[in-house]
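J.: Now for the letters of each chain:
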Amino acid sequence: MNEFFTLMKPELLIMAILFLLLFIKISKGLANDKLLQFIQVLLLINFVAGFFLNAEGKLFDSMYQTNAMIVLQKNILNLGMFFISLLFTDWFRKCEHLSEFFMLMLSALLGMFYMMSSGNLLMFYLSLELATIPVAAMSNFNLDKKVSSEAAIKMILSSAFSSGILLFGISLLYGATGTLSFTEMPALLTSSPLQILAFVCLFTAFAFKMSVVPFHFWTADVYEGSPVVVTSFLSVISKGAIAFVFVSTLFKVFQPLHDIWYNMIMVLSVMTMLIGNLFALRQQNIKRFLAFSSIAQVGFILVGMSSNSTQGTASIIYFICIYIFSNLAAFGVADLISFFTGKENVDDYKGLYQTNPLLSWVLALSLFSLAGIPPTAGFFGKLFLLSAGATTGNYIFIGIAAVNMIISLYYYLRIIRAVFMDKNETPVEKISINPYTKIGLYICSAGIVLIGLLSWVYDYIESVVN
Amino acid sequence: MNLLLLILIPLLTAVAVFMMQNNNQVRWIAFFGSAIQLILSLGLYVVYTNARNHGDTAQMLFEQNMPLFKSWNINLHLGVDGISVAMIMLTAFVVVAGVLMSWKMEKMTKEFYFLLILLSMGAYGFFISLDLFVLFFFLEIAVIPKYLLIGVWGSGKKEYSANKLALMLMTGSALVLVGMFILYFGGGKSFDILQLAQTTIPTWTQHICFPLLFVGFGVFTALFPFHTWVPDGHSSAPTAGSMFLAGISMKLGGYGCLRVATYLLPEGAKEYANIILLLSAIAILYGAFATMMQKDLKYINAYSSISHCGFVLLGIGMLTKVAITGAIMQMVSHGLMTALFFAVIGIIYERTHTRQVNEMGGLLKVMPFTITLLFIVGLCSLGLPGLSGFVAEMTIFVGSWENPDTFHRIVTVAGCMSIVVTAVYILRAIGRTAMGPLKEEYNNLSDAAWPEKLATIILLVGIIAIGVAPFWLNDLVSPGAELIMQKIQMAK
Chain A
1 MNEFFTLMKP ELLIMAILFL LLFIKISKGL ANDKLLQFIQ VLLLINFVAG FFLNAEGKLF
61 DSMYQTNAMI VLQKNILNLG MFFISLLFTD WFRKCEHLSE FFMLMLSALL GMFYMMSSGN
121 LLMFYLSLEL ATIPVAAMSN FNLDKKVSSE AAIKMILSSA FSSGILLFGI SLLYGATGTL
181 SFTEMPALLT SSPLQILAFV CLFTAFAFKM SVVPFHFWTA DVYEGSPVVV TSFLSVISKG
241 AIAFVFVSTL FKVFQPLHDI WYNMIMVLSV MTMLIGNLFA LRQQNIKRFL AFSSIAQVGF
301 ILVGMSSNST QGTASIIYFI CIYIFSNLAA FGVADLISFF TGKENVDDYK GLYQTNPLLS
361 WVLALSLFSL AGIPPTAGFF GKLFLLSAGA TTGNYIFIGI AAVNMIISLY YYLRIIRAVF
421 MDKNETPVEK ISINPYTKIG LYICSAGIVL IGLLSWVYDY IESVVN
Chain B
1001 MNLLLLILIP LLTAVAVFMM QNNNQVRWIA FFGSAIQLIL SLGLYVVYTN ARNHGDTAQM
1061 LFEQNMPLFK SWNINLHLGV DGISVAMIML TAFVVVAGVL MSWKMEKMTK EFYFLLILLS
1121 MGAYGFFISL DLFVLFFFLE IAVIPKYLLI GVWGSGKKEY SANKLALMLM TGSALVLVGM
1181 FILYFGGGKS FDILQLAQTT IPTWTQHICF PLLFVGFGVF TALFPFHTWV PDGHSSAPTA
1241 GSMFLAGISM KLGGYGCLRV ATYLLPEGAK EYANIILLLS AIAILYGAFA TMMQKDLKYI
1301 NAYSSISHCG FVLLGIGMLT KVAITGAIMQ MVSHGLMTAL FFAVIGIIYE RTHTRQVNEM
1361 GGLLKVMPFT ITLLFIVGLC SLGLPGLSGF VAEMTIFVGS WENPDTFHRI VTVAGCMSIV
1421 VTAVYILRAI GRTAMGPLKE EYNNLSDAAW PEKLATIILL VGIIAIGVAP FWLNDLVSPG
1481 AELIMQKIQM AK
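Protein chains in written order, with the numbering used here: chain A, 1 to 466; chain B, 1001 to 1492.
Note that these hints are calculated values from the structure, not bench results. Take the hints with a grain of salt, since some may be wrong.
Pairs of lysine-lysine residues, derived as DSS-like cross-links and limited to a Cα-Cα distance of at most 30 angstroms, are as follows [as the list claims (entries may be wrong)]: (1) B:Lys1110 / A:Lys430; (2) B:Lys1110 / B:Lys1321; (3) A:Lys343 / B:Lys1487; (4) A:Lys438 / B:Lys1365.
Derived Cβ-Cβ restraints for the label pairs, each shown as a range [stated by the list, open to error]: (5) A:Ala446 / B:Thr1199: 23 to 33 angstroms; (6) B:Thr1200 / A:Ala49: 52 to 62 angstroms; (7) B:Ala1051 / A:Asp422: 37 to 47 angstroms; (8) A:Phe5 / B:Glu1063: 47 to 57 angstroms; (9) A:Ala446 / B:Glu1440: 23 to 33 angstroms; (10) B:Lys1453 / A:Val48: 32 to 42 angstroms.
Backbone N, C-alpha and C fix where the C-beta goes; we use that ideal spot for every residue, glycine too.
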């Protein structure tokens, strides 16, 4: 019983918060301000508690498993959740159904946690659904906007479709190997055609969730239509969780099929980087822009994934940790501007520096980090992904990735140019940032500058992975 | 001497500049920071030569090695030899001058100085690091400040130039990145330059790696045909920006070509030496002839920079000790000279509000100090004995002549011929600017103010110090060139 509590601690904590919110909701309810503060404190406690009393082991006949690496990944996501609660304070305060929104978000997170800890394909499927359906409901939260409902419908339909493919793959795999357990699976994989077909189905489902090209079509519309909070949740937390699971599944469970998935990953990675970048070049809406740029980032994650080594795993965890800081900061700024002025166009950002220097610097830092420019952490994150990819000796692949870094630099610089260089007669007016968001932005900026330079962060992650 | 100081002082200066509220404080702090750095780098020279005179024969002095990312075997490995000391001194001179030249900058002063100091930190870090990863880190740090400096404070088609510069330089560094990875995995999983120099790198790796690294760094130093960012970037940048670009940033490339590409991959260097020579000869002649057609003073200096930096690559491509020594001296000389040239152009432009040679005339009467400097720097550019340009180019030609075959001879002669062209365009430009009738609207122009005078004198001291007594610089850099040559001679 004791083991149950220590092993499942992250999930139990989230569940406790969920129930607490539910009780508050049905008893009397709190004003949004109070409730939000309460949630922020809870999420902070949740994040801090993630570092204590951790254990490794399995539960429920290996249905649930955890180890130091999984705990670390969960902590990273918890940190991201805490940032979200800080950065989007203004939106939350105005939100009509705040406690419901957080309940949905936390249940999605709960789903991701179970997904990361799952030791069996059925468990994996169930938790994947738990991680998806609440997000679709969240996408609909801009209740007065039509695009928001459109986003929700697109999200739910397309993820239902991908779930179908996933289930098909799982059933084929069960037919071919006779097991659903992650531990028993590798020994039974012989790369027979049926198994490969099943694997491709599974792979597709992962690729869909991570919005890998050519399974990315839902991404831009959903990102644009949803509230910025949901967009950032989708592109950071949700994508991070899927990447974590994808890596460990590929490296551990499907290790015997390495030759097959290496080529798949390579082709998809090149396509994802290229198409994500090319589409991002021409976007005018800042949310769509960030959506496509985050597709391109996934391409870089795939470069690290192609390495098939612990260094690859470590560099992906490191990259996502950095990505949380940089992408959330960018979304935080975009949200502030769109919340107070309704402006979401790149052209509206012209002359931002004159009126909002703090926001401009934070945005610049986060975009430089996304583009991989030193001294920001993104530089180290991208470089380690590339060097992990280079361990296979496929330098042409790395060369293509490096070229894509240049293309992405071009469009990130476009925003920088609008903010710092272009003149505008009606720039965004001075925005008064509330203290919570300010703290969030400061922490994110500090993280962007420091994580890379403090080299023990990477060494710590690497030691945990080993 | 602790080399970390060389990075820490600019860093602290940059942070202090960012914290300040009023523009005057910003200027003085930036000035003090860069002055301390100048004193430090002169101190470094003294300490370095002392150690050498006392018989310290280690390849690198003041070495420090701290592990950074253990699992990738990345270390913060710092150390200097004569070549780096020369480069550091050059940087320190140009930075102080650049800070002084921007004294009147009123638009976003704080941000301007912050970026200047950040850029200089990148350069210092680049010149002292002995680990490829760290070196690459500092190389890239020096790019984005340039983009912002040109884009925000520049003139003319600044956005276009800034974009072009950033993208071309980043493409160069992407090539360096790929080359660096191949070197890392081909050379025993180490980024350490000294270790890589000890390991034998397979011939095919050298043949793949060398073009990547050389062209990658070459983009920074205007290797033909990747020079197109130079004229636009230089002419759009604010005065201090052009000084930094030509004086420091282009030297990053030359240093990288030498220290990383040629030193680590001698077989590759031998394989491709003729192509390098051909490209640099084209750059020298093309740059010189293109300059003849220019009417804008900044464009004149920018195109002549392509020509002069061609000499650097020519010296490297000749693969003799004297020529390589000459290449390094040319880097230092050109850095000082071109920074001074841009400073003078900046002074003139600020007063006449034009950079077109045709619209000026007779300025010697109203601005004697500035125009005298223009004469000196012009003569330095065309290689008058007694100034640094002569010493450097002469050394390169002497070194080049050591190669007895016809191809090398032809290339050398072609390079020499450019000097004639240089004389034509320099004398014409200076003549038009300084002599002739003075236009009425220029009657009341003032001469250089004190910060400008100080800045130009600092640079001039450097030029004359090399021109009159070149031996100290020669003695400083030639042991480093000797080591590189040994590697090349040992290679097949």
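J.: Assuming the hint says 32 to 42 angstroms, is it satisfied by the Cβ distance from Lys1453 (chain B) to Val48 (chain A) or not?
T.: violated, 59 angstroms
J.: Mind checking the alpha carbons of Lys343 (chain A) and Lys1487 (chain B) for me, to see if they're no more than 30 angstroms apart?
T.: violated, 60 angstroms
J.: Does the beta carbon distance between Ala446 (chain A) and Glu1440 (chain B) stay inside 23 to 33 angstroms, or does it fall outside?
T.: With a Cβ separation near 58 angstroms, Ala446 (chain A) and Glu1440 (chain B) fall outside 23 to 33 angstroms, so the hint is violated.
J.: For the pair we were handed, Lys1110 (chain B) and Lys430 (chain A), check the Cα-Cα distance against 30 angstroms.
T.: Between Lys1110 (chain B) and Lys430 (chain A) the Cα gap is close to 20 angstroms, so the pair holds against 30 angstroms.
J.: For Lys438 (chain A) and Lys1365 (chain B), compute the direct alpha-carbon distance and say whether it is at most 30 angstroms.
T.: violated, 58 angstroms
J.: Honestly, do Thr1200 (chain B) and Ala49 (chain A) meet the 52 to 62 angstroms range at C-beta?
T.: With Cβ atoms ~54 angstroms apart, the hint holds.
J.: Given the range 37 to 47 angstroms, decide if the beta-carbon distance of Ala1051 (chain B) to Asp422 (chain A) lies inside it.
T.: Taking Cβ atoms as reference, Ala1051 (chain B) and Asp422 (chain A) lie about 52 angstroms apart, which means the hint is violated.
J.: Hint check: Lys1110 (chain B) vs Lys1321 (chain B), CA-CA at most 30 angstroms. Holds or violated?
T.: Violated, at about 44 angstroms.
J.: Please test the hint of 47 to 57 angstroms on the beta carbon pair from Phe5 (chain A) and Glu1063 (chain B).
T.: Holds - the Cβ-Cβ distance for Phe5 (chain A) and Glu1063 (chain B), about 53 angstroms, lies within 47 to 57 angstroms.
J.: Hint says 23 to 33 angstroms; check whether the CB-CB distance for Ala446 (chain A) and Thr1199 (chain B) agrees.
T.: Cβ of Ala446 (chain A) to Cβ of Thr1199 (chain B): about 39 angstroms, so the range 23 to 33 angstroms is violated.
This entry does not satisfy hints 2, 3, 4, 5, 7, 9 and 10, going by the numbered hints stated previously.
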